[in-house]
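Following the hints, put chain W in place on chain F, whose structure we already have.
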Amino acid sequence: MALLKREEWQGFVRDVDWSYSYVDDEAVYPEWHSGTGKVPREAWLAWEESYKVSYPEYVATQREKEAAAYAVKAALQRSSVWEGLDEGWKSATKMHFGGVSLSEYAAVLAELKMARFGLNGAWRNMAVFGQLDELRHTSITTFFGHEFISRDPQYDWTQKAFQTNDWVAISLRNLFDAMMSSANVVDIALQLPLVFETGFTNLQFVALAADALASGDVNFANMISSIQTDEARHSQQGGPTLEILVEYDPVRAQWVVDKTFWASARALAALTGTSMDYYTPLEHRKQSYREFMEEWIIDQFVRTVEQYGLRKPWYWDEFLQGLDIWHHALHMGLWVWRPTIWWRPMAAVSRDERAWLAGKYPNWEKVFGDKWDVIIDNVNAGNVQATLPETLPWLCSTCHLPCCNATQSRGGTWRVRDFPLSYDGRTYHFCTKACRQIFWKDRANVNHLTLVDRFLAGQIQPMDVGGILGYMGLTPDVMGDDPDYQAWTRDYAGRPAEGIAAAAQP
Amino acid sequence: MNDTVMTAGTGTGDGPPELVPLNAIFATDFVRILVPVTTANTMREVAAAVAHHVEGKRVRALPYEKVVIYRGERLPAEMTVAAAGIKPLDHIAVEYDIPERS
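Line order of the protein sequences matches chains F and W.
Our numbering applies: residue 28 is where the first sequence begins, and numbers increase by one.
Our numbering applies: residue 3 is where the second sequence begins, and numbers increase by one.
Okay, chain F solo, but in the shape it has when bound (with noise of 0.2 Å):
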């Protein structure tokens, strides 16, 4: 018998679905796993993808794609290219991989749960492709981070970070929680697939593509771009159910969306924006982060709420000036809190670096440049010691990034002001005026204390520095530090130092 063509069959297998007889269709697509909230049952029977793919498709491309990016990690495996690169781009893979790695496998499970509890047949079958991207990107980022463990035991995090009390990981945990596991399907696809992977993963995959192969980083480049062509697929679950979602209820695709595109915003600038604006070396970085946001982040998402009928988010102005601000003073606490993280951040702030970043962020030098020359006037003066934390920085209650934003006043000053909240006989504190809100509203799904709040609650043991570091996992071999203290350091050496820094000058 001859193979039915194509078109045949597919428009039929896609959206496979049927009555259920034995059980009502509550006890199959419960509430709470599946949320169909204000949305008529019958009204999923419209949800369509726009992008329509078979399985012996999807196979056939996939296997080509892992052959490809397995290709070049093998010809590259025996090359020197590793030993060649900047410390400071070694540093973004390494914060790429354990950020990453098992984010990729918490996407796994969202992925799953879309696939069983989804509304409609065709978006069922679209999330068992998801899934099978998510496993994929779990194991090519995993493996591909484990090849340097040999070489750099930091690399060793690349499947440990997402598994420890780190503070880093806590808020990554904290993010994914409630984007991917703890939510309901609509909100997912809303969340996973609508804001996070049609904008956000642009900004770490394609952004970063450009500023590895920038730097030599051939492999990492194959590895993230071949990942991000799987995004393009399974990221349009999002749009069909926001369309159907809009019509019914508007308020609340509303606040999934906001909400999701500030926590994201929020993780990205830590994660993406230290990459692009520091660790890349100066004379490979094609945009700065601010730049990319602005052309790949910002116009596409008005662009796209405005289509499905949504406003600018309430937050706007706030995460709009945050563009300025935000991944620089992350940058800034990561260097600083440098023994709590699993790479070496690289200050970058030579005279070079300075002059870059004033150009590309005019507030730069005001907001930055007198706390980076007072640390530099401490190394300079042989006290490193000085530079080195002593205490805790207070996390957010919402992002659990440290609470590091200054905005200024009307008469110009620039302070890092409190965004308190008293609620349930205690006081919590926030970074900003949205993570507050976002706090407020969604406070029922809080589930993840701060590592203040344990440090603070006595969970963490003895409650000293070296307790925090044992807490987190830290060891001395993996313990961050600046690679190269002269290399940001030297254009400064011999002007005259004031307070400890002169005090310490033989």
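Where hints are given, some of them may not hold.
Pair ranges (Cβ atoms, derived) [to be verified]: (1) H54(W) x D204(F): 28 to 38 Å; (2) L21(W) x Y97(F): 48 to 58 Å; (3) T256(F) x G87(W): 52 to 62 Å; (4) H54(W) x R453(F): 20 to 30 Å; (5) L21(W) x Y275(F): 37 to 47 Å; (6) L240(F) x G87(W): 50 to 60 Å; (7) A471(F) x L21(W): 27 to 37 Å; (8) H54(W) x D397(F): 14 to 24 Å; (9) R76(W) x Y275(F): 29 to 39 Å; (10) H54(W) x E274(F): 53 to 63 Å.
Keeping only pairs whose Cα atoms sit at most 27 Å apart, straight-line, the calculated DSSO-like set for lysine-lysine is [said to hold, decoys possible]: (11) K468(F) x K339(F); (12) K387(F) x K313(F); (13) K100(F) x K313(F); (14) K89(W) x K460(F); (15) K89(W) x K468(F); (16) K92(F) x K79(F).
Residues from chain W that face chain F, not an exhaustive set, calculated with beta carbons under 7 Å [unchecked claim]: (17) N25; (18) I35; (19) H55; (20) R62.
I should point out that these hints are in silico values taken from the structure, not numbers from a laboratory.
Idealized CB from N, CA, C, for every residue including glycine.
Chain W only, in chain F's frame:
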């Protein structure tokens, strides 16, 4: 990190001083930090405890007194944490008391 246990001076008081962990910012520093003080500490001691982590390390030291700002009010240097009503997890700011230019 420096191998320092996070403690603050105990100051003087009627009863045994109680630990008061604070959310603190020092002048133009870039981040709020955890600073433990006690109910017996004076505002001068609290300001010094916060400054210890920042002054001359990230913020250039200035030749002025440091004052504690709590809920928008600057507090007297000799007032204790207990007398000021500062509670655990409260936020304080420490600023240099720079004379206004005439």
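Violations among the numbered hints, reported as their numbers in ascending order: Failing hints, ascending: 5 and 9.
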